[in-house]
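Engineer: The residues making up each chain are set out below.
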Amino acid sequence: MTDHKAPHTTPVKPWTFDDHTNSYIRRAAATGIYDIRGGGAKRRVPHFDDLLFLGASMSRYPLEGYREKCDTSVKLGTRYAKNPIELDIPITIAGMSFGALSGQAKEALGRGASAAGTSTTTGDGGMTQEERGHSTKLIYQYLPSRYGMNPDDLRKADAIEIVVGQGAKPGGGGMLLGQKISDRVAEMRNLPKGIDQRSACRHPDWTGPDDLEIKILELREITGWKVPIYIKIGGARPYFDTTLAIKAGADVVVLDGMQGGTAATQDVFIEHVGQPTLACIRPAVQALEDLGMHRKVQLVLSGGIRTGADVAKALALGADAVSIGTGALIALGDNDPRWEKEYNKLGTTAGAYDDWHEGQDPAGITTQDPQLSARLDPILAGRRLENYLKVMTLEAQTIARACGKNHILNLEPEDLCALTIEAAAMAQVPLSGTNWIPGKPEE
Amino acid sequence: METIDLTKSSLRDLNELLQRQSEIANQKQWEIINPKGAHAVAVGLNASLELSVKGSTGYYCAGMNQKANIKVYGSAGPGVCENMMSGCVTIEGDASQYAGATGQGGLLVIKGNAASRCGISMKGIDIVVHGNIGHMSAFMGQSGNLVVLGDTGDALGDSIYEARLFVRGNVKSLGADCVEKEMRSEHLNILQDLLNRSNANADAKEFKRYGSARKLYNFDIDNAGNY
Chain Z
345 MTDHKAPHTT PVKPWTFDDH TNSYIRRAAA TGIYDIRGGG AKRRVPHFDD LLFLGASMSR
405 YPLEGYREKC DTSVKLGTRY AKNPIELDIP ITIAGMSFGA LSGQAKEALG RGASAAGTST
465 TTGDGGMTQE ERGHSTKLIY QYLPSRYGMN PDDLRKADAI EIVVGQGAKP GGGGMLLGQK
525 ISDRVAEMRN LPKGIDQRSA CRHPDWTGPD DLEIKILELR EITGWKVPIY IKIGGARPYF
585 DTTLAIKAGA DVVVLDGMQG GTAATQDVFI EHVGQPTLAC IRPAVQALED LGMHRKVQLV
645 LSGGIRTGAD VAKALALGAD AVSIGTGALI ALGDNDPRWE KEYNKLGTTA GAYDDWHEGQ
705 DPAGITTQDP QLSARLDPIL AGRRLENYLK VMTLEAQTIA RACGKNHILN LEPEDLCALT
765 IEAAAMAQVP LSGTNWIPGK PEE
Chain R
23 METIDLTKSS LRDLNELLQR QSEIANQKQW EIINPKGAHA VAVGLNASLE LSVKGSTGYY
83 CAGMNQKANI KVYGSAGPGV CENMMSGCVT IEGDASQYAG ATGQGGLLVI KGNAASRCGI
143 SMKGIDIVVH GNIGHMSAFM GQSGNLVVLG DTGDALGDSI YEARLFVRGN VKSLGADCVE
203 KEMRSEHLNI LQDLLNRSNA NADAKEFKRY GSARKLYNFD IDNAGNY
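Sequences listed follow chains Z and R, in order. Counting along the first sequence from 1, when you hit position 132 you're at 476 in the numbering used here, and nothing is skipped either side. Counting along the second sequence from 1, when you hit position 193 you're at 215 in the numbering used here, and nothing is skipped either side.
No wet-lab data here; the hints were simulated from the structure. It is possible that some hints are incorrect.
Here are the simulated DSS-like cross-link-like pairs (lysine-lysine), alpha carbons at most 25 Å apart as the crow flies [unchecked claim]:
#1 R:Lys89 - Z:Lys500
#2 R:Lys76 - R:Lys133
#3 Z:Lys537 - R:Lys203
Nothing here was measured: the structure is a model prediction, and the numbers come from that model.
Just need the whole structure built from these sequences, with the hints factored in.
Structural biologist: If you want it as structure tokens, here you go:
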């Protein structure tokens, strides 16, 4: 009899209990507290990558790429405001607070956005002089916490954005941990230094869309009906939320899908609450169309917008503009491999760093530490953001011309097809190679 | 005295006119008649005006007020004086929910009762209620003083930060992290001054003081049951 060992199959790790899941369990067992992090959903969900443009063909005339004009300007807030926001490009900068971000980062966002002809947005904690001074168009967020809220700053704003929800955490508030509460942040928020600052999940003085309509009346009366009122909603129930926002009197609806970032929230919230951006846009556009308000109340889409292709696809599906947060921070220098050694010391790697709430950002962006903050040159960082915005705009223009559009807002769902059944169902465009739109009766 | 009749003038015209008044304007005395529960009456004022509102108002009367002294001869709807910065507002009747919400300065006097969430998220405003207040009042109160001559509803001062609460009557229950605190002489002085300025016939020594135990200021898993 030959002596031999029976061969083993290769070791198999369970799909259900993979390495990351096991590390999650070990971390939970060791600490007794859930994981908090910044950013948006990291899981793979159907997204704009699952869509393709068809381009021009026998039945569509393209525009000459370097000769024929393709306009990218947009106007937001045309419903009631005396002074709508006029932008050169359809890409805006999303609300991010001073406190979550360093003063240098806020200045860089203002510089970059202004140079590219677009707007930037405050965040929780009020308006800083750096931000107002470097932003030609500044949207002032009106949040449940009302940290730093005052009528003087309100009147300095070019628009007001009432934040009802956020894609990373629809239905959730926020927490700025004590280690990021510098003297200046504490003073702006009227709270002691070093304590955790909670941001409430709902507004203190109104409940529901009927109340919100009256709140909007008050804000318009205080600002003389001059500036647009945006309502920002998380991607929860986009059809009904958009309908109610319009009913409440919004000039602009900002719709943020689950890939949209946050400064700090529970990981379980980010990954398990809310809908993908791609799934949100069509119901929202349907709500606008059902009320006869499409293009009258403008729709700004956010949550995982990265490239000019994403911009073009969002506009083709019915948005009037998009808003970026995470992409803008990466353009400034967030998660840059140049800081790899320091990311390693923090137990992470460039591209994965998301402990923005801890205030130790090597790139000097999500921190209040003076030494770390000083690493970010707001002029250079602002220039990088400007470049990034211009590249995205050129890319979106390139696609629009290829589809025969002389204005970027002329892109339409008919210009698109989907690579997957899920994306076809969500975007309500045909599956590539077919005329099948899942959920729609064939015509 | 300039009188504006809200049955003849629009809300927009009213607020625009009042907001246009500067510190050097000659016309300081104003009267609004027939408010008939209108919302957003006299919001965003920014001058030392003396304004009388003859009747009850709807939501957000005197919202974000700066410097003006406003008297409402009636009751006020939700959110009266929300985010007030300075000045003095007196409600001769009752106030609905969220009175003085997020107020950052000034004095709000409510001669009657105030409903729930009075002084919610207050950030420096002083509020004196001659009657009772509803539940969840001073929720997440950051700073300022809330004085109640009557009783309070449930969960007074829930998740409070550094606001001071003075109550003469019964407190139905205290919210998370809100405790009774020692009434020291400096508190008696602050309280008596507020009582005097709000024409409240009461002695500071009759009150108890409540404020934050400061146990929830930094997240601690062992306190999870309190959140």
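Engineer: With reference to the structure, classify each hint as holding or not holding.
Structural biologist: Hints, verified against the model:
no., hint, in the structure
1, R:Lys89 - Z:Lys500, "holds, 19 Å"
2, R:Lys76 - R:Lys133, "holds, 15 Å"
3, Z:Lys537 - R:Lys203, "holds, 22 Å"
Checked against the numbered hints given earlier, the structure satisfies every one of them.
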